[in-house]
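Engineer: Position chain S relative to chain C; hints supplied.
Protein chains in written order, with my numbering: chain C, -19 to 359; chain S, -19 to 359.
What the hints contain is simulated information worked out from the structure, not anything from laboratory work. Certain hints may be false.
[Stated by the list, open to error] Heads up, incomplete: computed chain S residues facing chain C, CB under 8 Å, no partners named: (1) ALA195; (2) LEU213; (3) GLN220; (4) LEU248; (5) ALA284; (6) ILE285; (7) ARG334; (8) LYS337; (9) LEU338; (10) ASN341.
[Stated by the list, open to error] In silico lysine to any residue, SDA-like type, Cα no more than 25 Å apart, as pairs: (11) LYS241/S to ARG225/C; (12) LYS91/S to ASN108/S; (13) LYS319/C to VAL243/S; (14) LYS241/C to MET324/S; (15) LYS241/S to TYR273/S; (16) LYS319/S to ASN341/C; (17) LYS319/S to GLN246/C; (18) LYS241/C to ASN116/S; (19) LYS202/C to PHE342/S; (20) LYS241/C to VAL320/S; (21) LYS241/C to VAL243/S; (22) LYS202/S to ASP208/C; (23) LYS358/C to ASN299/C; (24) LYS241/C to ALA221/S; (25) LYS202/S to ASN341/C; (26) LYS241/C to SER321/S; (27) LYS241/S to THR344/C; (28) LYS241/S to ASN299/C; (29) LYS319/C to GLN322/S; (30) LYS202/C to LEU248/S; (31) LYS7/C to LEU151/C; (32) LYS241/S to MET283/C; (33) LYS241/C to GLU282/C; (34) LYS260/S to VAL204/S; (35) LYS241/C to GLU281/S; (36) LYS202/S to GLN209/C; (37) LYS319/C to ALA221/S; (38) LYS202/C to ASN341/S; (39) LYS241/C to GLN322/S; (40) LYS241/C to ALA64/S.
Bear in mind that the values here come from a model prediction, so they are computed numbers and not experimental data. The beta-carbon is built from N, C-alpha and C at its ideal position, and this holds for glycine as well.
Each chain is listed here by its residues.
Protein chains: 2
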Amino acid sequence: MQAVGMVVEYNPFHNGHRYLLHQACQKTGADVTVAVMSGNFTQRGEPTIVDKWTRTHAALENGVDLVVELPIFSAVQPAHRFAAGALAILNALQVRQVAFGAEHPDWDFTKLVTAERHFDQAEFNQYNATYATQFNAQLKAQTGVTLREPNDILAFSYTKEVLQHHYPIQLVPIQRRGSEYHDQQIHGRLASASAIRHAVANGKNLGKTVPWAMAIVLNQVKVVPSWDQLFPLLRNQLIQASTTRLARTYQMAEGLENRMKEVAQQTLTFDDFIHCLKTKRYTYAHLLRMCLYVVLQISEEEMAIRIRHPYIHILGFNNRGRAYLHQVKKQVSMPIFTKVSQQMRDHLYNLDYRAGKLYQNFTTVEQDLSHPPVMILKP
Amino acid sequence: MQAVGMVVEYNPFHNGHRYLLHQACQKTGADVTVAVMSGNFTQRGEPTIVDKWTRTHAALENGVDLVVELPIFSAVQPAHRFAAGALAILNALQVRQVAFGAEHPDWDFTKLVTAERHFDQAEFNQYNATYATQFNAQLKAQTGVTLREPNDILAFSYTKEVLQHHYPIQLVPIQRRGSEYHDQQIHGRLASASAIRHAVANGKNLGKTVPWAMAIVLNQVKVVPSWDQLFPLLRNQLIQASTTRLARTYQMAEGLENRMKEVAQQTLTFDDFIHCLKTKRYTYAHLLRMCLYVVLQISEEEMAIRIRHPYIHILGFNNRGRAYLHQVKKQVSMPIFTKVSQQMRDHLYNLDYRAGKLYQNFTTVEQDLSHPPVMILKP
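Bound conformation, chain C alone (with noise of 0.2 Å):
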C-alpha cells in the first residue's frame, strides 16, 4: 500500500477538508490516508471546538484511514516546528507523499528556502515589528515574493524540513477552492473552519459546509471552548507565579513576563487582558501560544526534553488504516502506541495528558488515560 499524508486540524472538520483529501488520493494515486492532527488545541495556541477524538470520527468517517495525534510539543508553535514536527511523524510512518492547501501551488519553494539561507540574521532585531514581518522583508528584497497566507507559510516550512533531512519524501500542494481562511462569511457548501467556528459561537445555521454527522456534534455544542474559560488560570498563574519563575516559560524573552504580569493584575476578561498585551512585537498567535505555555507551565527546559522524544500515538483507524500500520510498524522508528498508560501519563506523554487535563475544563471527559482508539472497522 501507499500513502498519501496531510497535516492537519480539523477544527472542526468541513467539505474544504473533504475536497482536499479527493484532490491529495487522485494526484497521488496513494490507497492509504493517514492524517497527523493537532490534539485538543491548535497551532494559534486555542482549544479545539471539539475534542480529538470526536474529530478524529469526522475524519474516519470521511475518507481518512489512519489519524494520528501531532504532540502539542510540536502543535502548538510557530509554522517551522510544526512543520518539523508533523513531516518527521509521517517520514516515520514511512509516508512518501505529503499534500496540503496551497494558495500558490506553482511557486517555487525550492527557491525561496535557498534564499532564506543568505538571509542577515543581524535584521532581526526590530523591537516593533514581528518576526515574520522581518522575514518577509528580506525574502522580498532577495525574491521578490512576500510569503502572507498560512498555507504559503506553511509550504515554505515543509519544503525546508524535506530539503534539510533529506526525507523522501514528494510534496503535492493542492490549490485550495472556495472561502479564503479569513473569510467569516458561510456560502455555499465550502466555509473557511474560522467561519464555521464562528456560525457556531453565534448558534448560526452551518449550512451544508460539514458532513451530515459534524453539523449534529457541532449543533450539541452550548458553549464554544476558549481562552474566555480558561482566563481565571491563565491569570492566577500569572498573579501567583513570580516574574523569575514565569521568565522560565518556553520562549519567554524581552520582559514579556512582567507585562504579562502586570496585565494580568489589571483585567478581568481574556478580550480585556490580550488586547491589553498585543504591541507591534507579538502576533496573536505568538501571544495565545504563550498563554497556553503560561497556564500549562512550560519551561524552556522541559520543551527541549519533550522535542527531543517525539512519538506516535494513534488516535484511529479503518480497515485500510489498520493494514497499513501493519504493513509499516516495523520500520517505524519512534515510540508508537494508541493507548496512555499510567507510566506514559507520568514521563513521555506528560505534556500532550497535562494539555487533556486543561480540556477537561471544557468537557469534564478524560481525555487520554486507557483511552482507546477510535476504530470504524468493517467485517
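Structural biologist: Just chain S now, kept in the frame of chain C:
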C-alpha cells in the same frame, strides 16, 4: 485612652460578636476597642462570605473603633501561629488587655502552657493521627485536661504567646453564650457564624441573628464564596506543576504533594477532591490551608520571609479609633499604613495582595491597591 483588643474573623459579624464586645468593655473598663481581623480568607483556609471591607464596615457600625488586618501569613495558620501574629500586632498597637470568648474561662491556662514544656517530642510521630490528637493525649496525661473546643485552643495559644514574649498584656476570657461553635441551627438572636453561613448558602431566613445592616448585605450574596469555585485553579496548579515544585509549598510534607496531584487528576469537583484527600493524619482545616498555599504558590522560603516582616494594615476606624491611633502611633514598632501603594503591592504587602486578587474571582472588586480605609467619622 485605654484599649481592649480582640482577635476576630467576623465571618460574618453577628449578635454573639456584639455581646462579646460589650462584655469586653464592661470587664476591662476600656474606652476604645481594637479588632485584629482576618482578611479575605479564614484560619481554616476558606474564602470569607463577604470581603474584608464589608466586614470592617459591619464591625465599625457595631462597637469596634479600629479594625486592622491580620496578614494572611498569620491568619491562615494553625492556632499557635494565628495567635502569635495577632498578639504581636496588638502588642505593637500598645493594647494592654485582650479579650476573647472562651468555653472554659476558669481554666488555668498558664498551668497548661507550663505542662507543654515537658512534652515528649518523640511522641508526635504517629502517622495515623493528627497533631492535635497527639497533643491532647500528652496534655491529658499530665494535667487531666483536653483542649477540644476552638476557643480553648486559642486561649491556650494566647497564653503561651504572652508568657513567651513577656508581653505586658492581660488576657480577659469571656464566657461564651448561646449556640455552640459547630451548631448548624438558628435559634433566636444568637447563632454561630457557621450556622449563619449555612443559612445564607441555602437561602434561609437569618432571623435576628445579625445586625440589620449586615442582614441586608448577606441577603444580596448570590453565591457564597467557596472552594467549589476556586477548584479549577487548584486542580490546574496541582496537575501542571511538577511534584518537585509542589513539594516546596509551605507545610507540604510526608509526600502529600504526590497524593494531592494524584487526587486532582482523578476528580472534577472540590467536594470529591477533599474527601478523597482526607486521611486520619490531617484535619480538614489543615488540608484546606494546604489548598490555599498551593493556589497562592507560597513556598517555605516565602513564608519564612513574610513572617519575619509583619505590618499593620488599617482597614477602618471611627473617631475614637482615629484618636487612639494618633495617641499610639509614635510607639508602634511595625510598618503601619492605611493605603497599599504600588511599591507595597510588589514587596511588603505582596502576599496579601495576591490573596486579594484570588478573592477577586468572587466579586470582581479590586481589594487592595489604593483602597482607602473605611472611615465612619462624625464631625
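Engineer: Compare the structure with each hint and give your call.
Structural biologist: We went through each hint and held it up to the structure:
1. Annotation: ALA195/S was flagged as interfacial toward chain C, and the flag is violated, the nearest CB pair being 29 Å apart, outside 8 Å.
2. Hint status for LEU213/S relative to chain C: holds, with the closest Cβ pair at about 5 Å, below 8 Å.
3. Interface hint status for GLN220/S: upheld, as the beta-carbon distance to the closest one in chain C is roughly 4 Å, under 8 Å.
4. Because the beta carbon of LEU248/S sits about 6 Å from the nearest beta carbon in chain C, less than 8 Å, this interface hint is met.
5. The closest approach between the C-beta of ALA284/S and any C-beta of chain C is roughly 15 Å, which is over the 8 Å cut-off, so the hint fails.
6. Look at ILE285/S: its Cβ only gets to about 12 Å from chain C, farther than 8 Å, so that hint breaks.
7. Interface hint status for ARG334/S: upheld, as the beta-carbon distance to the closest one in chain C is roughly 6 Å, under 8 Å.
8. Residue-level restraint check for LYS337/S holds (minimum Cβ-Cβ distance to chain C is 5 Å; threshold 8 Å).
9. Hint on LEU338/S holds. Least Cβ distance to chain C is approximately 7 Å, under the 8 Å limit.
10. Taken as an interface hint, ASN341/S checks out: its beta carbon lies about 6 Å from the nearest beta carbon of chain C, inside 8 Å.
11. For a cut-off of 25 Å, the pair hint linking LYS241/S to ARG225/C stands: about 20 Å separates their Cα positions.
12. Between the alpha carbons of LYS91/S and ASN108/S the distance comes to roughly 29 Å, so the proposed pair goes past 25 Å and is violated.
13. Proximity of LYS319/C to VAL243/S is assessed by CA-CA distance (about 21 Å); at most 25 Å being required, the pair is judged to hold.
14. About 16 Å separates the Cα atoms of LYS241/C and MET324/S, which keeps this hinted pair within 25 Å; it holds.
15. Distance restraint check for LYS241/S and TYR273/S: the Cα-Cα separation of roughly 14 Å lies within the 25 Å cut-off, and the hinted pair is therefore satisfied.
16. A threshold of 25 Å between alpha carbons decides the hint, and for LYS319/S with ASN341/C the separation of about 37 Å lies outside it, so the pair is violated.
17. This hinted pair checks out: LYS319/S and GLN246/C have alpha carbons roughly 18 Å apart, not beyond 25 Å.
18. For the given pair, LYS241/C sits about 46 Å from ASN116/S by alpha-carbon distance, which is inconsistent with the 25 Å threshold.
19. A C-alpha spacing of about 24 Å is found between LYS202/C and PHE342/S, which places the hinted pair at or below 25 Å, so the restraint holds.
20. Pair hint LYS241/C plus VAL320/S holds up; C-alpha atoms about 18 Å apart against a cutoff of 25 Å.
21. Note on LYS241/C and VAL243/S: the hinted pairing is violated, with a Cα-Cα distance of about 29 Å set against a maximum of 25 Å.
22. The straight-line distance between the Cα atoms of LYS202/S and ASP208/C is roughly 22 Å, inside the 25 Å bound, and the hint therefore holds.
23. The straight-line distance between the Cα atoms of LYS358/C and ASN299/C is roughly 7 Å, inside the 25 Å bound, and the hint therefore holds.
24. Restraint check for LYS241/C and ALA221/S: satisfied, since their Cα atoms lie roughly 18 Å apart, inside the 25 Å limit.
25. Between LYS202/S and ASN341/C the alpha-carbon distance is near 23 Å, which keeps this suggested pair within the 25 Å criterion.
26. Only pairs whose Cα atoms come within 25 Å are accepted, and LYS241/C paired with SER321/S is accepted, the gap being roughly 17 Å.
27. For a cut-off of 25 Å, the pair hint linking LYS241/S to THR344/C stands: about 17 Å separates their Cα positions.
28. Among the hinted pairs, LYS241/S with ASN299/C is inconsistent with the structure: their alpha-carbon atoms are about 39 Å apart, more than 25 Å.
29. Between the alpha carbons of LYS319/C and GLN322/S the distance comes to roughly 51 Å, so the proposed pair goes past 25 Å and is violated.
30. Distance restraint check for LYS202/C and LEU248/S: the Cα-Cα separation of roughly 19 Å lies within the 25 Å cut-off, and the hinted pair is therefore satisfied.
31. The straight-line distance between the Cα atoms of LYS7/C and LEU151/C is roughly 11 Å, inside the 25 Å bound, and the hint therefore holds.
32. Taking the CA atoms of LYS241/S and MET283/C, the gap is near 21 Å; set against the 25 Å cutoff, the hint holds.
33. Between the alpha carbons of LYS241/C and GLU282/C the distance comes to roughly 22 Å, so the proposed pair stays at or under 25 Å and holds.
34. A C-alpha spacing of about 28 Å is found between LYS260/S and VAL204/S, which places the hinted pair above 25 Å, so the restraint is violated.
35. About 21 Å separates the Cα atoms of LYS241/C and GLU281/S, which keeps this hinted pair within 25 Å; it holds.
36. Using a Cα cut-off of 25 Å, the hinted pair LYS202/S and GLN209/C holds, with the two alpha carbons roughly 21 Å apart.
37. As the CA atoms of LYS319/C and ALA221/S are separated by approximately 24 Å, the hinted pair is consistent with the 25 Å bound.
38. In summary, the hint linking LYS202/C to ASN341/S is supported, as the alpha carbons are separated by about 23 Å, within the 25 Å threshold.
39. Our distance criterion of 25 Å between C-alpha atoms is met by LYS241/C and GLN322/S, whose separation comes to about 14 Å.
40. As the CA atoms of LYS241/C and ALA64/S are separated by approximately 33 Å, the hinted pair breaks the 25 Å bound.
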